[in-house]
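Colleague: The sequence shown begins at 403 in the working numbering and counts up one residue at a time.
The hints are all genuine.
Taking lysine to aspartate or glutamate pairs in the DMTMM-like style, the calculated list, with each CA pair at most 25 Å apart, reads: (1) Lys-411 to Glu-428; (2) Lys-411 to Asp-454; (3) Lys-411 to Glu-427.
Just so you know, these hints were derived from the structure itself, not from any lab.
All figures in this text were calculated on a predicted structure; none of them were measured in a lab.
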Amino acid sequence: MSNIGILLKRHGRFRPDVEAIVFGEERYTFAAYNRRVNRLAHALRGLGIGKDDKVATILGNSLEMMD
403 MSNIGILLKR
413 HGRFRPDVEA
423 IVFGEERYTF
433 AAYNRRVNRL
443 AHALRGLGIG
453 KDDKVATILG
463 NSLEMMD
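Put together the whole structure using the sequences plus the hints.
Modeller: Put into structure tokens, the structure is as follows:
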């Protein structure tokens, strides 16, 4: 069974140079986006947030909403 996280990680490995996200003038390849998401995940873990914990966010339309 796959989820969006698994699919993005797989594309980061097998299609690293293909554009994954385009938001205005900002563009991220699958590899760059995967690194960005991993940094956020490690920061959340550093705050003590675990795999099954729930985190609420309030964001407008932004690149950060994709993370």
